[in-house]
Structure formats: C-alpha cells, structure tokens
Amino acid sequence: MVFVGVNLASLKYMPTIAAARAETSRDPVQEINLTAKSWGYDISSRQIEAGRPVRFSGKSSDTQHGFAVYHPSGRMLFTMMLMPGLTNPTTLVHTFREPGKYKVRCLEYCGIAHHGMLDELTVVARN
Amino acid sequence: MSIASTIVQNTPLFGRMFTVDKSSGLEEINAWPALMIMTSFVWLAVAGVLGLVMPATQLFELESDLFYTTLTLHGAALTFPFTFQLMAGVGLHRSAGCVGKPVTGWLPAAAYISMNLGSALLTVAVLMGLKVSLVVMYPLPLVGAQMGIWSMNAVILGFTGIYLVLACMILFYPLLVLKMLFFGRKRPELILSERSLNDPGMLGMTLSALTLLVTGLPLVAVGTTLVAALYGIIPMSMAAWAAEPVVFQYSFYIFAHNLMEAMALMVMSAMYATLPLYLADGTRELFSKKLANTALWILLLTSLTSFLHHFITLYPNQPAGLSYWGNIMSWGTGVGAAISIFTVFATIWQHGLRPEPAIIAMLMGWVLYILDGASAVVTSNVAWSYMLHGTMWQSGHTMTVIVAMAIMWLGALYHHYPVITGRNLDPVLGRWFIRLFSVGGIGAALAMLAGGAAGMPRRYADWTQEGWMLYGNLILLFGLVLGASLVVYAYNLLKSREIPAATGERVVPA
Ligand SMILES: [Cu+2]
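Quick note, the sequences are listed as chains P and Y, same order. Its first residue numbered 12, the first sequence is counted upward by one per residue in the numbering used here. Its first residue numbered 827, the second sequence is counted upward by one per residue in the numbering used here.
By construction, these hints were calculated from the structure, which means they are not laboratory data. Here the structure is a predicted model, which is why all the values come from computation and not from measurement. Each residue gets a CB set at the ideal place from its N, CA and C atoms; glycine is no exception. Check the hints yourself; a few may be wrong.
[What the hints assert, rightly or not] Simulated restraints on C-beta separations: (1) P:Arg37 <-> Y:Ser1114: 53 to 61 Å; (2) Y:Pro1044 <-> P:Val135: 46 to 54 Å; (3) Y:Phe886 <-> P:Glu42: 25 to 33 Å.
Please model the entire structure based on the sequences and the hints provided.
So, in structure tokens, the structure goes:
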C-alpha cells in the first residue's frame, strides 16, 4: 500500500510532468541557462520572478558538479547533477513562491574548493 | 604450514588476535581467512585514526585539503580493505566449512595481494594529493591533474590501486568462491556443517559471487582500457570511449551499487546459516527455507537495475522512464528485504533464541540493515531524490549499510572464532561491544539522516553554514562511541583464552 501510494504520488513530481505542466500554464516559462566550472557558475540571470515557472538548464565544462537551490530558511529545494561531456543540459522546472535570497550550492564533490562553490539567486515579487 | 598462517603468527599485536589453531587439522580452511581478517583489522585501525583527523581539521580550522584527504582515505579504507576483506575472510571460512573444500592455491593469494596492495597504492596516491572521495567522482582525477591540483603520477598510482582492488572484488574473490562451490573434491575432514548449494545458508554466496562477477565486467572493460592508456600501452585516442564521464559513471555505479547488494546477499546467507544454531529449543531450522531463498532471489533480480536511482537528478540525460524504473526496482529490493526480515523474526518467534553475543551482534546488524533499507527507499524515490541527492542523507545511508554489514560479519566472526583460533572470547566484553556499537551506529545513522533532511551537503569541509554543526557534533559523538566499541572488540580478541582441552570434544559451530 505504502509502496503503491508513495510511488504513484511521486509521479507528479517527475521532471517530465513538472515540465509539461509549466508548458501548459498561462505564464511563460523563464529560461535560465547555467554552466558550472571549478569552482563557480556562469548563470544567464540571477533574478527570478516569483510565481512564474523557471526552467534551469545546466551543463558542466570540466568535472561533475551539482546545482542545488536552498530556500532562504536553509531547507534544500532541489539539486541537479551536471555531468561533463553531455550534449544536452540537465534541466529542471521549478516555480518559486516566495521572494527572497536563495543560496546555490554544489552538491557533487568536485575537489579541494568544493565547499566554496556558492552562488545566489534573487526571487522578486511579480509586478 | 601455510604461508598465510605464518604471516599471521609473525605479525606484531594483530597476529596475536588471529593466530590459527594448528591442532585442529583445519588450517587449510582457516589460514587465508585468518590472514584476511587480521589485515582487515589493520585497515580498521588506520581508518579509525583517519576518522579522528576529519573532525580535528574542522575543530582546529586546519586546511580543508586535509579534510578531503582523510574523507577519501577513511571512506575507502572502511569500505574495501576493512569491510569487504572482513566479509571475504569470514565468508570463505564458513563456505569452505559448509562444502568441505580447502581455501588454498593461488586464488586466495591473488585476492589478498590485489586487495591490500591496491589499497596501499591508493593510500599513497591520496597522500600525494589525489583527493577524489570514495567514489572517484570521475573525471575529477584527470581534471584535477589538468588544473595542477595533484600530479598525473598520483592519478596513475591511484588508478592502479583502484584497479587492483577491483580485480580482487570482481575477479579473484568471486572466482575463488565459485571454484570452491562448484569444482574440486569434497574432503569430509574439512566439513564443519554440511550444506547443499541450495541451502539458504549457502545460496547467497553463489548469487553474490555471480553478481560481483557479472555487474563488474563493464567496469573491468572501462578500467582496463583507462589504465592501459595511462601507462601508454594503448594510445589515448583508443581509450576515448572509456574516458567519457557518462560511460565511466554508469559502469561504475552498476558495479558499486551491486557490490553493496552482493554484500547484503552474502550476509543474509550467513544470517540464515547462523541463526538456527542459536535457537532456544534446539530445532536448528529456519521458519521456512523456501521463503528464505525467495527473498534472496527477489533481492538479486531487483537489485541488478536499481542502480539507476543514482542518476535521477541527471534528467533528461537519464530519461524519466529509466529513473522511475530504478525507483520501483529499489523499492522491490525492499520487498526482498521485508521477506527475509519476516523469516528471521518468525524463526525467533517460533523457536526462541539463546541470546549469545555472536547472534545478538548479527541481529543488531539486522536492525541497522532495516533502518538503512528505509533510508534507501526514501532517497531512491524519484521525487525525494531531488531533495536528498548529494546530502548527508546519502552518506548516512552508505555509512549505515557498511556499518550494518560490519557488525553482522563481526558477529559471524565471533561465532567462527573458536574454530579458527582454538580460543574463546569473553561474552561480557562481547556484550559491551554490541551495546556500544548499537548506540554508535544507530546514533550516527540518525544524525547523518537528520543532517541530510536539513540540507547538509555530504563530502563538504564547511559545516558552519545553516546550523549544520549540530549534526556534525552528533556524528562525531556517535562516531567516537562506534570507535570505542571496536576497541572493545579488538581487546576481546587480544585477550581470548585457549579452549581447555579437558572438555574432550571440540565444539564445532559452523
Ligand atoms: Cu562543484
């Protein structure tokens, strides 16, 4: 029962389904492209509008990196695995609800300055 | 006299713990296992010291470099030359005693040398600067060399070490087990407790050896190509396919994941074999042999493809369908585990238990294994994986499975120890070991899982952000308790007493 229940419920969190929902929502998707390189990120925009879905598309140009976004309260929202050598980016659609400063951390160990691989996104209220 | 028992006898301190009893006529099944077990304890001691260095680097604000060095070495030492080698040693002794075949010839020597020489080379490489963590994080070794963080020599040495360790786990050890089970003449004088290959106490050995061999082959192909290119035997261009991060990562995890499952299959069989010997009413039978074997088969079939859960967050580079498949298969291993858990508890319920340290240690490992299973199904779920991948939750999961295996094999070793060495252990110290280990193991597991749920990253030198130090301190505290329990265990081995000859008959537990 738990087996079936949890796994059916988690279907709606599957990235394909989240992406499909975002495509069909009335709000246009905000596209953010990013590239990870030891030990930092190139991010096309660090400003995000609350309530509108964002599609993060990430690549790595050297070794494996992560792209994890943390809520201002410190809780982790999601992480993405960026593997070098792939043609297509890793993608994820997320809709931020609350304005604030969201920390970005690398969660795939990438060498001696791994813990210094930080960034920040700002979510602003939509006007 | 075997070379293996000579080495054990002449090793200072550790040798005293495992000196093989030569009067029993069982040296052929005891010598190599004793040497492997003894050497695993040497690595345990090394890992213990490294484990203390990690918090020290944070406490005294030393270079984070040192943190990553010890992180890599501590994890690698505990997983491969300690836990795997302990398992290999105890597993070989008990299988040999079940089928009446000696553990002799070049294969045990090859397995032993490749594991320990490989681990030693990897240790030197890490000390030379190669800080790539337990799972290598490929292509980090090559990228680090390009960036000048460590030398190419360290990379070559490290890959050679890893290659040798893999040769032990994927080739020599499984071949040794399969050779022993399926070939050679049975010698009645070596039989301690006869079992057919389909007995629940034996089936897991076969399945696990096959799992290691089969799921390791892609990594052998990739690893051989890479090492050949690093040594200049083949041009780098010919190795380009193997150097692709995605190729290495997938072949690595199909093996690494199944390595853990193979160890679970093996320890489950050891549990199925040992538990009936400690039943209060003397029945010596499991609740149901069929159910016991069903669990092993389910675990085998579901585990083969559940490694896909490692790459859920790589979407769409790993298609969502494959991720979901990995999710369902991982939960399927939970079904296998649940059936085996039911068998164990139903057996105890039906026949009662003589609570001696060997079996209590194995059952405590069982409890940790259940706790670990719960943490594993959570993190392998497609939705939760996005919130837990790369956090301490996964370190907690990995640590708990290894700690569960370790205490189960330490329990099995406790059980087989009198036959190997002709000496008895002190049950009071045995119970103290179990108490401390349980508190340390469960406490550290919960602290790591809680840290992970709070977003604390794994393999991360800086725990001062977001209040993660709380979990860090708890992990340290419980880690120290875990360490203390192992000191008690080792002290018990050191103080073991010769079994008095006056009792006449030799008690042969197997
Ligand atoms: Cu990184």
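Hint by hint, here is what the structure shows:
In this structure, P:Arg37 and Y:Ser1114 meet the distance hint of 53 to 61 Å, their C-beta atoms being roughly 58 Å apart. A beta carbon spacing of about 48 Å between Y:Pro1044 and P:Val135 agrees with the range 46 to 54 Å that was offered as a hint. Take Y:Phe886 and P:Glu42: their Cβ atoms lie about 46 Å apart, and the range 25 to 33 Å is violated.
Of the numbered hints listed earlier, the single one contradicted by the structure is hint 3.
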